[in-house]
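Chemist: Residues per chain, in single letters:
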Amino acid sequence: MRFYRFFFLLLILAAVVRGQSKAVNPLFSVPNRVKFASHLYKTGDYIRAFDEYRALLTGTPDDTLRLAAGLALRNLGRFDEAEDYLQGLFFFSRLKDYAKTEFLKTEFIRGNYSGFVNLSGESFYSPDTFSVGIKRLKYFTYLILQETEITDSAEFVSGFAESQRRVISKFYSVKKRPERKDELLAAVLSAVIPGAGKIYTEDYSDGIVAFIFSGLFYGLAAHNFAVAKNAKGALFAGIGLFFHAGSVYGSATSAQIYNAQKRFEFESKLIEYAEKEKYFLPDTEKLFIK
Amino acid sequence: MNKSLFAEISIFVFLFIIGHGNLFAGQPLKSQLAFADSLFKSGNYYQAITEYKRYLFFDEDSSAAGYCFSQIAESYKAGGFYEKAENNFREAMKFEKSINAQKTTEVDLIRTMILSRKTNCALNELDTFENKFGDSLIADYWRGWTYLLNNQPELASFYFNESLAGKEISERLNKIISDEYPLFNIKLMSYILPGSGQIYTGHYFSGAVSFAWNALFGYMTVKAFQDRRIVEGLLIGDLLWLRFYKGNIQNAERFAKEKNIKLVNQLIENLQNNYKGKKP
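Chains as they are written, first to last, in the working numbering: chain A, 71 to 360; chain B, 717 to 996.
Be a bit skeptical, because a hint or two may be false.
[As the list claims (entries may be wrong)] Cross-link-like lysine to aspartate or glutamate pairs, in silico, EDC-like; alpha carbons within 20 angstroms at most: (1) 112/A - 775/B; (2) 302/A - 775/B; (3) 299/A - 775/B; (4) 105/A - 775/B; (5) 302/A - 948/B; (6) 360/A - 775/B; (7) 769/B - 115/A.
[Unchecked claim] Listed next, the stretches of chain A that the computed footprint assigns to chain B, with coverage defined by at least 3 CB atoms under 8 angstroms from CB atoms of chain B: (8) 317–323; (9) 347–358.
No lab work stands behind these hints, which were simulated from the structure alone.
These figures come from a predicted structure and were not determined experimentally.
Don't be surprised by glycine CBs; every beta carbon is placed ideally from N, CA and C.
Using the sequences and the hints, build the whole thing.
Modeler: Right, here's the structure in full:
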């Protein structure tokens, strides 16, 4: 009897050992893969983090993993796919508020500011839990949108946290009184004095060159006309006029470039600030990064 | 307690331990490394990086960290991600314990820099390498490659010649140097006779056009001064003649440089395909 019991145990042992040798590497167990994916995300390897989350989602449907996959895609700049993942959590998910908020944030990050403003106005996309943050980001977007007029500065600034108000009021002032050069004025100035428009748009070297060349050829033309060399005078006058016209057109363009550059600088500062403030929204990443 | 009962209890304990997977604790990591290596060997570098990273993440002792970082770096290098390759080689160096391993990794880092054309960084790193390991033969060999890929055949030849392994390349480079267009002479020719430098480098049409423009505007300038049309002379001379005269010299130099670079590139391509020694 004892012999059979012993033999039976040996059989079990053999089965267990064989089972172990064929078993999945524990490094690929679900908890370990989740930990590893989180590590990859944290170290900025979003593409591999996404691969891990996607692999995990095929066997383990999980809302947190889905959210993480969406955010990894967003960090990779794959916004459409990121939004697909987030939209999958809009209904019947415990993380639906997070998903909607992150969806809105994605719209902002991808530069679809008007889309963000429209969606954030809908109650479906603005869950009460995060309504304060969404409102702040919406107000902030008004600073970026060129066509938007902000009237009441006190109301605008008071929407933000105490610590943010000083910077926000600075941005507000720039939005209200942007540094820009009038294109028409630049052209008129150059029409009166060649190169003056360029000086006005702070393109000093071009302004001086335009003044010298136009002046030189006009001077030569005047001299030739004075000594009755009309053909030569006309030639030099034509060249002078050519430089003068170029200076008028160039001044208007220079003003445009100046305005576009200032606009770009302002927008870059705004986006940098939004990033620094985590888009005024709660940190969703803490849900899956431990 | 009789013997058979003792045996039964022992087997139960044994089963309990392996049932909880602690008995072969080192086994999963070992097989993980083998898995990553197999991916690397099959050229699946993207996946190999993931699996090496997984190994590193779970390997608490960092027992093979140097090796894994090196393999990750090699994978990135194979994919053309040189910046990431460099970072990982640097990480690998932190974990390498033996002098030989450190030396190999440092050379791998330098090779990546050479390949990504970071000439100054590679040269600085080579100085550090030479000071640290005192191996000037290896340092000079890779200095040769650095200069070769930076289109400086004279310096490349010098350093290849200094190293034992690079004698063959040095000889081939010397032949190229003798076949190269002499930049100084070509520029001098263009100073004396505009267009001649371009013609010498085989750009006949460009040379003829350059000569014609220089002749025309030169004549107009001189004529204007002869007729005491000083302002006109200055304008034509400065805005037209000097512009074309300067352009003729610049063009001749550019054509010669292009031809010389082509010669060196042909050698690099040839070495890439046929040279049996170590390459970046």
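Chemist: Now, for every hint given, state plainly whether the structure supports it.
Modeler: Hint check results:
| no. | hint | result |
| --- | --- | --- |
| 1 | 112/A - 775/B | holds, 18 angstroms |
| 2 | 302/A - 775/B | violated, 86 angstroms |
| 3 | 299/A - 775/B | violated, 92 angstroms |
| 4 | 105/A - 775/B | holds, 13 angstroms |
| 5 | 302/A - 948/B | holds, 11 angstroms |
| 6 | 360/A - 775/B | holds, 19 angstroms |
| 7 | 769/B - 115/A | holds, 10 angstroms |
| 8 | 317–323 | violated (count 0) |
| 9 | 347–358 | violated (count 0) |
In this structure, the hints that do not hold are numbers 2, 3, 8 and 9, in rising order.
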